[in-house]
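All chains should be modelled from the sequences, with the hints used to inform the complete structure.
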Amino acid sequence: MTFVRNEAKEKTVSEKEWRLGAYTRLSKEDGDKPQSDSIENQQKIINNYIDWMRRQGENVASVTLYTDDGYAGGSFDRPDYTRMIRDIEAGVINCVIFKDLSRLGRNYPELGRLLEDYFPSKGVRVISILNSLDSVKSPETYCSSIVSFSNIVNDDYIRQLSVKIKSTLNMKRNAGEFIGNYAPYGYVKSAEDRHKLVIDPEAAEVVRMIFDWYTDGASASAIVKRLNALHIPPPSVYKTAKGCKGFSHHSSGGQKQSVWSITSVNNILKDEAYIGNLVQGKYKSASYRSKRMVPNEPSNWTVIEGTHEAIISDGQFTLVHERFQRHTRVSTGREEPYLLSGFVFCGCCGRRMNRCVSGGYARFRCQTRTYAPEKCQGESISEKQLECIVLQAVRAQISELADARAAVVAAQEAAEGVSDTNEYTTAINRAEREKKRLTEAKFKLYDSLQSGLIDENEYEQFRSQYTREIATQDEYITKLQEAAQDLQEARRADDEFVEFFRQYGNIQALDRTTVIHLIDHIVVHDREHIEIHFKFSAEREKLLDLARNSEESEQYPKAM
Numbered sequence: 022m023t024f025v026r027n028e029a030k031e032k033t034v035s036e037k038e039w040r041l042g043a044y045t046r047l048s049k050e051d052g053d054k055p056q057s058d059s060i061e062n063q064q065k066i067i068n069n070y071i072d073w074m075r076r077q078g079e080n081v082a083s084v085t086l087y088t089d090d091g092y093a094g095g096s097f098d099r100p101d102y103t104r105m106i107r108d109i110e111a112g113v114i115n116c117v118i119f120k121d122l123s124r125l126g127r128n129y130p131e132l133g134r135l136l137e138d139y140f141p142s143k144g145v146r147v148i149s150i151l152n153s154l155d156s157v158k159s160p161e162t163y164c165s166s167i168v169s170f171s172n173i174v175n176d177d178y179i180r181q182l183s184v185k186i187k188s189t190l191n192m193k194r195n196a197g198e199f200i201g202n203y204a205p206y207g208y209v210k211s212a213e214d215r216h217k218l219v220i221d222p223e224a225a226e227v228v229r230m231i232f233d234w235y236t237d238g239a240s241a242s243a244i245v246k247r248l249n250a251l252h253i254p255p256p257s258v259y260k261t262a263k264g265c266k267g268f269s270h271h272s273s274g275g276q277k278q279s280v281w282s283i284t285s286v287n288n289i290l291k292d293e294a295y296i297g298n299l300v301q302g303k304y305k306s307a308s309y310r311s312k313r314m315v316p317n318e319p320s321n322w323t324v325i326e327g328t329h330e331a332i333i334s335d336g337q338f339t340l341v342h343e344r345f346q347r348h349t350r351v352s353t354g355r356e357e358p359y360l361l362s363g364f365v366f367c368g369c370c371g372r373r374m375n376r377c378v379s380g381g382y383a384r385f386r387c388q389t390r391t392y393a394p395e396k397c398q399g400e401s402i403s404e405k406q407l408e409c410i411v412l413q414a415v416r417a418q419i420s421e422l423a424d425a426r427a428a429v430v431a432a433q434e435a436a437e438g439v440s441d442t443n444e445y446t447t448a449i450n451r452a453e454r455e456k457k458r459l460t461e462a463k464f465k466l467y468d469s470l471q472s473g474l475i476d477e478n479e480y481e482q483f484r485s486q487y488t489r490e491i492a493t494q495d496e497y498i499t500k501l502q503e504a505a506q507d508l509q510e511a512r513r514a515d516d517e518f519v520e521f522f523r524q525y526g527n528i529q530a531l532d533r534t535t536v537i538h539l540i541d542h543i544v545v546h547d548r549e550h551i552e553i554h555f556k557f558s559a560e561r562e563k564l565l566d567l568a569r570n571s572e573e574s575e576q577y578p579k580a581m
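Counting from 22, one number per residue, gives the positions in the sequence shown under my numbering.
Calculated from the structure, these hints are not laboratory results. Remember, predicted model here, so these are calculated numbers, not experimental data. Hints are not guaranteed to be accurate.
As the list claims (entries may be wrong) - Listed below are the simulated PhoX-like cross-link pairs for lysine-lysine, each with C-alpha atoms no more than 20 Å apart in a straight line:
| id | residue 1 | residue 2 |
| --- | --- | --- |
| 1 | Lys456 | Lys500 |
| 2 | Lys193 | Lys217 |
| 3 | Lys303 | Lys291 |
Unchecked claim - Per label pair, the in silico range of CB-to-CB distance:
| id | residue 1 | residue 2 | range |
| --- | --- | --- | --- |
| 4 | Gly336 | Arg372 | 26 to 34 Å |
| 5 | Ala504 | Asp547 | 20 to 28 Å |
| 6 | Lys193 | Gly91 | 18 to 26 Å |
| 7 | Tyr139 | His216 | 15 to 23 Å |
We put the beta carbon where it would ideally sit given N, CA and C, even for glycine.
Encoded structure:
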């Protein structure tokens, strides 16, 4: 019997044709390191090793260079690394060589997968020069515990670096420094301090238009149509035109890049940057090994108020925010919501009542009663009837506040010219005169000492006493001045509050802007019992109390 043995042998290292892929990488974090990690130095080390391989008789058929300059080792999303993997798949190279394992990457799990699974499965030889690693010549050391430990060290390096970077960024956020790549639309980075925002007049005017339109009742979609009709460039196009390099990569691309979108408008309307606040940390990296960003919990955001000049007032921003909370939608063919949409609530179950049209008549109806009548028996109400009731209530509110303010003013004028402000002024003048007297007496102490009227112990005693009394008068004067200022501001606020309502005097019909400014919400118990809750309830009660007290003072004058 004849046995045939397969005599085919695997080619030796020197016989096999090696098509090398020489990989180099340098991250931004390595930029301040010595020349030892530079791209040029890595290539020099690799070239010297390749020359040594040839001297050892190895058949190096070709060398393809792959270089990722400015890419971190924690992520494998690098252009030339990706090109190298494609070449491996295509059979262009069958050996990868690099200075050390950290140049290939610092992501321990992915690096382990490459070394232990991917490269062996593709028949690719791996050479790490400084790690003395060669998967063909020294297979027993390949993927050994030493190599694994080296990978862990490299992985821990980027973890520690990530912690340091995050700590630095948090310090800057808490200090009110802007750390974003691009300033919000309407602002630019200051030329003197790139961590501070200053207003961009041209874009800020567009931001004001957007807020004004929305405050007046226009929907986000209507605002988008107006902006595009006016051929106003959207933020991405505007910033690119202003020389903001790379910003176009963050836009939608294609034709959408040159037009406004509802998302852009909504983002502007919700951004606290326009009232002078910095809100940062909305996103965080998914892992120190990845550059992918994920939403951060709102409780972890960093909010610093008053870091830069505001474009929009706090009052207007509050109105816009309240409207967002109402989640009102706009019907097809309209540019703004219906008059009372989002303001009407059911007095039975507390849910918002929706506007429904049936038989040509619009009504507000509780959806709980529609879909779960056993849980709510709230009545519906005609939209026209409710609008009439609200209009009457607004008129009554304006009249009541105007009468109350008139009563307060009349009482103040009848007080024989004496007012709280005058009383504070008198007290301040009296305190200042006393301070002047004490200061002069303190100065005269030295004359008394020189003339022998008092000795040195008495001089020090009186001097200390006068110093304390002068300090007491200073403190008293400061408190009086602050109280007088608070009173003036309170009265100014009262006047502004009344004037706010008075501007709607003689109102003949409601509009969406008036409803947004004056009304907080409406509760419908039934057609006869409707609660209309106005804004500024505390200010209203304060003014009415002042009016009642003023009337009582006129009825019961003080005894002379």
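* Within a Cα-Cα threshold of 20 Å, do Lys303 and Lys291 meet the stated pairing? -> Status holds; Cα separation ~13 Å.
* To do: Could you check the hint for me, namely that Ala504 and Asp547 are 20 to 28 Å apart, CB to CB?
  => Violated - the Cβ-Cβ distance for Ala504 and Asp547, about 49 Å, lies outside 20 to 28 Å.
* Taken at face value, is the distance from the CA of Lys217 to the CA of Lys193 at most 20 Å? -> Between Lys193 and Lys217 the Cα gap is close to 11 Å, so the pair holds against 20 Å.
* With respect to the beta-carbon atoms only, verify the hint that Gly336 and Arg372 lie 26 to 34 Å apart. => 29 Å, holds
* Mind checking the alpha carbons of Lys456 and Lys500 for me, to see if they're no more than 20 Å apart? => Given that 20 Å is the threshold and the Cα spacing comes to 15 Å, the pair holds.
* Does the Cβ pair Tyr139, His216 satisfy 15 to 23 Å? -> At 43 Å between Cβs, range violated.
* 18 to 26 Å as the expected CB spacing between Gly91 and Lys193, which holds or is violated -> For Gly91 against Lys193, whose Cβ atoms are near 22 Å apart, the range 18 to 26 Å holds.
Of the numbered hints listed earlier, those contradicted by the structure are 5, 7.
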